[in-house]
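Using the hints, build the complex out of the two chains.
Chains as they are written, first to last, in the working numbering: chain A, 2 to 61; chain B, 203 to 736.
Mixed in with the good hints, there may be bad ones.
[Said to hold, decoys possible] Here are some chain A residues pointing at chain B (derived, C-beta under 10 Å):
{"#": "1", "residue": "P23"}
{"#": "2", "residue": "L33"}
{"#": "3", "residue": "Y39"}
Since the hints were derived computationally from the structure, they do not count as laboratory data. Bear in mind that the values here come from a model prediction, so they are computed numbers and not experimental data. Idealized CB from N, CA, C, for every residue including glycine.
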Amino acid sequence: MTPQDVEAVYEALARKIDAIAPDQTEPFLAKLALLLAYDCADVARVQRRIDEAALNLDHP
Amino acid sequence: MRPVGRSETDSLYFSYPHFEPPQERAHLEDRAPVAIVGAGPIGMTAALTLARHGIASVLFESKATFNDGSRAICIARPSFHILERIGAVSPFLDKALGWTKGRSFYRGKQILEFEMPDSADEKYRPMYNLQQQFIEQFLWQAIVAQPLIELRWQSTVTGIQDIAGGMMLEVRDLNGTYTMPAEYVLAADGARSPLRKMRGHRLHGEYYEGKYVIADVQMPHDYPTIRRALFDPDCRPGGTVLVHKQPDDIWRIDYQLADDESEADATKEENVRASVAAVLADLDYHGPWELEWWSIYSANTLALDDYRDGRLFFIGDSAHIVPIFGVRGLNNGLADAENIGWKLAHVLTGRAEPALLDSYSPERRGATLDVFANASKSARFMTPPTRGWRLMRDAALNLALSHDFVGFLAKPRQMTPYTYADSPIVAADDQTFGQGSPVAGAALPNARLGEGFLSDHLGQGYTLISFDAALRVDLPDLVTLHLALETPAARVLGAGPKTAYLVRPDGHIAARWHDAAPDQVLAAFHLSQGRPAQ
Ligand SMILES: Cc1cc2nc3c(=O)[nH]c(=O)nc-3n(C[C@H](O)[C@H](O)[C@H](O)COP(=O)(O)OP(=O)(O)OC[C@H]3O[C@@H](n4cnc5c(N)ncnc54)[C@H](O)[C@@H]3O)c2cc1C
Chain A
2 MTPQDVEAVY EALARKIDAI APDQTEPFLA KLALLLAYDC ADVARVQRRI DEAALNLDHP
Chain B
203 MRPVGRSETD SLYFSYPHFE PPQERAHLED RAPVAIVGAG PIGMTAALTL ARHGIASVLF
263 ESKATFNDGS RAICIARPSF HILERIGAVS PFLDKALGWT KGRSFYRGKQ ILEFEMPDSA
323 DEKYRPMYNL QQQFIEQFLW QAIVAQPLIE LRWQSTVTGI QDIAGGMMLE VRDLNGTYTM
383 PAEYVLAADG ARSPLRKMRG HRLHGEYYEG KYVIADVQMP HDYPTIRRAL FDPDCRPGGT
443 VLVHKQPDDI WRIDYQLADD ESEADATKEE NVRASVAAVL ADLDYHGPWE LEWWSIYSAN
503 TLALDDYRDG RLFFIGDSAH IVPIFGVRGL NNGLADAENI GWKLAHVLTG RAEPALLDSY
563 SPERRGATLD VFANASKSAR FMTPPTRGWR LMRDAALNLA LSHDFVGFLA KPRQMTPYTY
623 ADSPIVAADD QTFGQGSPVA GAALPNARLG EGFLSDHLGQ GYTLISFDAA LRVDLPDLVT
683 LHLALETPAA RVLGAGPKTA YLVRPDGHIA ARWHDAAPDQ VLAAFHLSQG RPAQ
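If we strip away everything but chain B, and leave its shape as in the complex, we get (with noise of 0.2 Å):
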């Protein structure tokens, strides 16, 4: 929402483009291997993977532009490497803005200050602060200039069928209605997913009763990039209030209702104004600010029980809600448009079997009831359900005033790859490693390597991490990384003269070997592409 004589797309740092529906009409009837519906920042993502493993896509968008407002803020460092591997993240780390720490207070009084993991060892920050128009816009750019994705604006699917091989999709525009085969669709349509409705899906979980504002406002405010956490302010007794900044001058609010507030009330104008005002007096500004953007968000987790129907795969909000605080929306999607990016691609190519798909919706299902735990424990600390659990929370808030070992309890549950542990396609983790290095379905630790990074010579592929110079095994689709033992990487990977780790395109170990043998590096390979032993 915005304030009243701004429409929707009235901002004040962001020009909103227009864009037409397709024009040029004689092949849009023609069969894609891949349909994606939704180009929010998930199906996007799905189609620069897609497109980076070779594999052409339709891309359909019901709206004329990116969304409305600044809504998923926050991108964590292993969004910032899929950004990397579909070739779009210079422009991000351009404009977004890298972060680090995190300060919490309880009643106006700092009990916290916590530091995200960092080191010379990791290419990117653990956080950085963006606004999703320009997520949206820069992945937008990168699809411009990627000619295997056709993204076609104002574009409806309005029906979806399954056909022999494929699955038919009705599409509605400004111009008429068609129809367009595929051979495989995305749903990347969003947390309302009509998809999910047309195939009669339902998202289950639990709904938590915490609603937030959430609120943009631009004013030159001299606060570094410091996450802020107010528990119980003067501003909102008895609440919690969220700060971020963000590009431009722009600083996001989040501030939770009471319990006696309406939503249809704590949306109006005036009342976002007089709270955001509140807010800004126990931050100590006082300055001039401007009403940018506002909009009201609920601690849901909800997912879909499996994220296939045939040949259909749902991927981000058609698949799972999450709560806000720890910032998982807009991440864990991001991760879902890879994974199924990559194996479609490698379906669809003939370099792996169908069954590969399988694996899908158990590594992205699991990831997601899993941000579930962490975002739940968040949730309850956030915005306490019950009485007990208000009680302790208050309590531990108030013991953190005066000692130290409670205060994390106030920390985010932040972002971290979950590891695929029992996903179909990785290998069993060698138990001959000592504890700390990373084990088969995590995503690999980066470290320093010569000028760079250990994730700057992964292939676009599979990679073969080796620290024995002699481990050869050739397959089409398989770089080997020979490692010196002198490496930070040995360090971090726990390596001995015969170690070796085998890494797939979305940067997970599929497996390791503490002393490899090519006959089981190629059994894992086969095992992750989804083909039955040999």
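Chain A on its own, in the form it takes in the complex (with noise of 0.2 Å):
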């Protein structure tokens, strides 16, 4: 992916986020990681993205 590529999911994920109803972020976005886990289909691969996503994230 070029840095273009990069920029024009990070604001098309923006755009998505503020057009749908405000509690249906975590919805929307459990269900994108589905999808592209999915079409990712390396299981290991994404265990280790939903890791990598939670870190510096604050924790209970």
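Take a look at the structure:
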């Protein structure tokens, strides 16, 4: 992916999150994660990404 | 529970018989080879299995009739084979509703239609619906026709003690208290098992939050026998509803309670009526209906650490409690009953060593733990326990509206028979077989054979299925079935010209060989009877 591609995805996500109802953000992102994981078709890689996405977030 | 004004056994469609305690009393204290405590479906199946193998038993039941409601309604294919082996299947086939299909809906839209595995090689359908009273009635009819079984109604076992060579039971009925010795005792006394408590044992496992009301209504609803699961329906936002058809126009509606609904409120008649009416409206049914019976059920996975305590064996709900999704409460118990039944019979008739009985708990507890693994997955999907599970469950359901690949998550993980691969009485599997054929310990799959099925040709005891006409092993209790390589069975069993399968009385594979030799068959046969290698 080129930096331009990454930017395009980043902008599309921001627009879509603004377009859906605020309380639908979580389900939207969860659905997207399932879809992209399905396309990626590499469980180990997806699992690694799941852990990476949790980095630097607040944990209880 | 039933509507106001109707007693526990005042059913819209079922006439409850009333059974008296034993009148003839002279023999009550006579020693029995096997005593069975509890004449629910599991205790009765154990008695019939023992009888099929020539062993007499005495069955004790506290109540004066069958249980009060439809309770466990789904009978899986492997259970139909058990019913056939104990000679009781025919009324079940006449009355039960076979089914193969399920549909799942999310917010009113269908997201999945699944078919359970079925084919021309199968004698029975994957699942049948039948109310538990009929299950008990049909088993009871088989018992009445069986001179080896004595069923004592209104007879409560109040004590149990170890004695030399057996156990002593203390029994109370309307006419007094007596004791009866037995060589072995089966505790089929249900989820609250008094025997479990008397012996100081406890169930261990997990309790889940989700509670379901299960309600039966009678109505002329024109919908085929297809299991429906409604996720997040209008009638129960955030909850789950299951709908099953039963014989006699009875429909089972299971609905999940919200976290803030108390059990006491939810089971009040007016609340049950309102909840059911809302579900029926969601199903687009607007005709008349009558409320028949209801109860409450929770999704726990609990089991004893060991199903055996000396000469006492726990079978059915006394040994394990499983969630209702996946319909294993009854089916798992029926397999317990057959498992201990044939083993005890073989030991009591001297055909096998007492060590055979050591295999009961590992085999059946293993099956329960496998059920738990699946049931926990189902329970988490049906009743998500936390925010994370709920978010992902809802996301998957929502995604399933547009994409098929996630829909399978909503499938019930139905009963498949457990493979006794780690059993002490199952031989190590022969690794030279190709993929796809059943391993040692698995239930023998069925196949068409002649006018009927492979299962029709199995013996009462052990069966050696051999594709080599020259293979002969002479053993009492072993029937040899020679099959040709052109049969569908050869394909299902991955057979070559010298292949053989040794099949146990319960239809599980004790051992198999791609290229069998008689001494191997002998060794596996002895292992399967609890005898050390010779
Ligand atoms: C309200 C309810 C709803 C259910 N719904 C479902 C469902 O929807 N799906 C499903 O798969 N399963 C369901 N189950 C579970 C299912 O009914 C059981 O798995 C099944 O009945 C187990 O059979 P059992 O023979 O082990 O025990 P039970 O059917 O409970 O039989 C035990 C018997 O032992 C007798 N007994 C107890 N103590 C003594 C004693 N001391 N002396 C003599 N007799 C004694 C009792 O009277 C009883 O008849 C439900 C259970 C209940 C209670």
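Okay, which hints does this one fail, numbers in order? 1
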